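Peer 1: From just these sequences and the hints, can you work out the full model?
2 protein chains.
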Amino acid sequence: MEITEKEAGKLEVILKAAQKKFAEFGLAKTTMNDIASELGMGKASIYYYFDCKESLYEAVISKEQEHFLQEIQKIIKPSVSAKAILKVYSKKRTVLFEYCLNLAKLNGEGLSNCLPFVKKLFDEFGQKEVELIKSILELGMTNEEFAPIHAGVEAEFICTMMLGLRQATKYKMKESLMTKDDYKILNSNMSKAVDMFISSIEK
Amino acid sequence: MEITEKEAGKLEVILKAAQKKFAEFGLAKTTMNDIASELGMGKASIYYYFDCKESLYEAVISKEQEHFLQEIQKIIKPSVSAKAILKVYSKKRTVLFEYCLNLAKLNGEGLSNCLPFVKKLFDEFGQKEVELIKSILELGMTNEEFAPIHAGVEAEFICTMMLGLRQATKYKMKESLMTKDDYKILNSNMSKAVDMFISSIEK
Numbered sequence: 001m002e003i004t005e006k007e008a009g010k011l012e013v014i015l016k017a018a019q020k021k022f023a024e025f026g027l028a029k030t031t032m033n034d035i036a037s038e039l040g041m042g043k044a045s046i047y048y049y050f051d052c053k054e055s056l057y058e059a060v061i062s063k064e065q066e067h068f069l070q071e072i073q074k075i076i077k078p079s080v081s082a083k084a085i086l087k088v089y090s091k092k093r094t095v096l097f098e099y100c101l102n103l104a105k106l107n108g109e110g111l112s113n114c115l116p117f118v119k120k121l122f123d124e125f126g127q128k129e130v131e132l133i134k135s136i137l138e139l140g141m142t143n144e145e146f147a148p149i150h151a152g153v154e155a156e157f158i159c160t161m162m163l164g165l166r167q168a169t170k171y172k173m174k175e176s177l178m179t180k181d182d183y184k185i186l187n188s189n190m191s192k193a194v195d196m197f198i199s200s201i202e203k
Numbered sequence: 001m002e003i004t005e006k007e008a009g010k011l012e013v014i015l016k017a018a019q020k021k022f023a024e025f026g027l028a029k030t031t032m033n034d035i036a037s038e039l040g041m042g043k044a045s046i047y048y049y050f051d052c053k054e055s056l057y058e059a060v061i062s063k064e065q066e067h068f069l070q071e072i073q074k075i076i077k078p079s080v081s082a083k084a085i086l087k088v089y090s091k092k093r094t095v096l097f098e099y100c101l102n103l104a105k106l107n108g109e110g111l112s113n114c115l116p117f118v119k120k121l122f123d124e125f126g127q128k129e130v131e132l133i134k135s136i137l138e139l140g141m142t143n144e145e146f147a148p149i150h151a152g153v154e155a156e157f158i159c160t161m162m163l164g165l166r167q168a169t170k171y172k173m174k175e176s177l178m179t180k181d182d183y184k185i186l187n188s189n190m191s192k193a194v195d196m197f198i199s200s201i202e203k
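Protein chains in written order, with the working numbering: chain A, 1 to 203; chain B, 1 to 203.
Honestly, the hints are just simulated from the structure, not real lab data. Worth double-checking, as some hints may not be accurate.
Identical chains share a label here; the pair holds if one copy fits it or two copies do between them.
As the list claims (entries may be wrong) - No farther apart than 25 Å at their CA atoms in a straight line, the calculated lysine-lysine pairs in the PhoX-like style are these:
{"#": "1", "residue 1": "Lys16", "residue 2": "Lys6"}
{"#": "2", "residue 1": "Lys29", "residue 2": "Lys83"}
{"#": "3", "residue 1": "Lys134", "residue 2": "Lys203"}
{"#": "4", "residue 1": "Lys172", "residue 2": "Lys128"}
{"#": "5", "residue 1": "Lys10", "residue 2": "Lys91"}
{"#": "6", "residue 1": "Lys203", "residue 2": "Lys10"}
This one's a predicted model, so the numbers in the text were calculated from it and none came from an experiment.
Peer 2: See the structure below:
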């Protein structure tokens, strides 16, 4: 739909409140009422933009995805070495997931039981991340930093490893949210894994 | 309790049936009746050995753990290179988890929501696995295959990576059980990760 500037501002505010509530209670336990209360608005104002909770959730995830990918795009510059980009990427990934709380949760619940549209959102994000890493690896081959490799296969591998390290951290954690110590261990494992990976493909 | 040979045989049969049923339905959804029906016994025969479902489950997990650790112990021989042992370990781990279905499930549900006694079982197993890997790394240092490293820290890292790769596979899978293709991808990722790890500590 065409929206005015005022409406766009309101949409932004709704998305922010929804992001907060979904991050707090998850998709299943957040109601449109919770989000309306957070905003001090009537539910009707939200329904003007979103016909159901699920489409609002989808918009929140899309916004977080976009933010994540844009931030990562910023560090990919042909003038910087691919190795350095990969290292920054693995660090920034953890920091970004702290902002993208719903994306991170999506990234933490497992797919076998989730709703089909949530599964689709995750798959799309996963594919975009693989493409992103693939482009970094290709840059590294062009720069002759890396030996000739199957960039797509290696990108898939490093993404699986990063997903896995995050899952392992979440798996072992004692609280329901990651603590500072969990982040510290995750960051150190990520760096170690990425360094090992870089050594394995270096020229 | 002291048990006769006949009783030991019966215990073995109960554990086997329980292992099958728990693997099929999980701890929460398996009843003592399910296990008794599987055996064609009355429930009283099971209660003679186990006072509740949880203690039977604990016995099943202990049995699987023991089997797992014994099988792994078999491949640790001072005459074999530590590198070779690590490689075999990563392959054998996947195969063993197919037999140790309840241990594998325990290893796949996340700890934040599980019962305290299940968490304890997992933690114990995790610690034993770290110790096992640590002893392989120490062997490698004695053999002068590996550079001087903090064996405990590195063992913790490789265990986290293996747990993570398994979790990532489970996370992405479409079915509720791992398919042959899932195992193929997991095995290939495991080998790759272990090879990378070995290269990173080689002398």
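Peer 1: Of the numbered hints stated previously, which ones are contradicted by the structure, given in increasing order?
Peer 2: 2, 5 and 6
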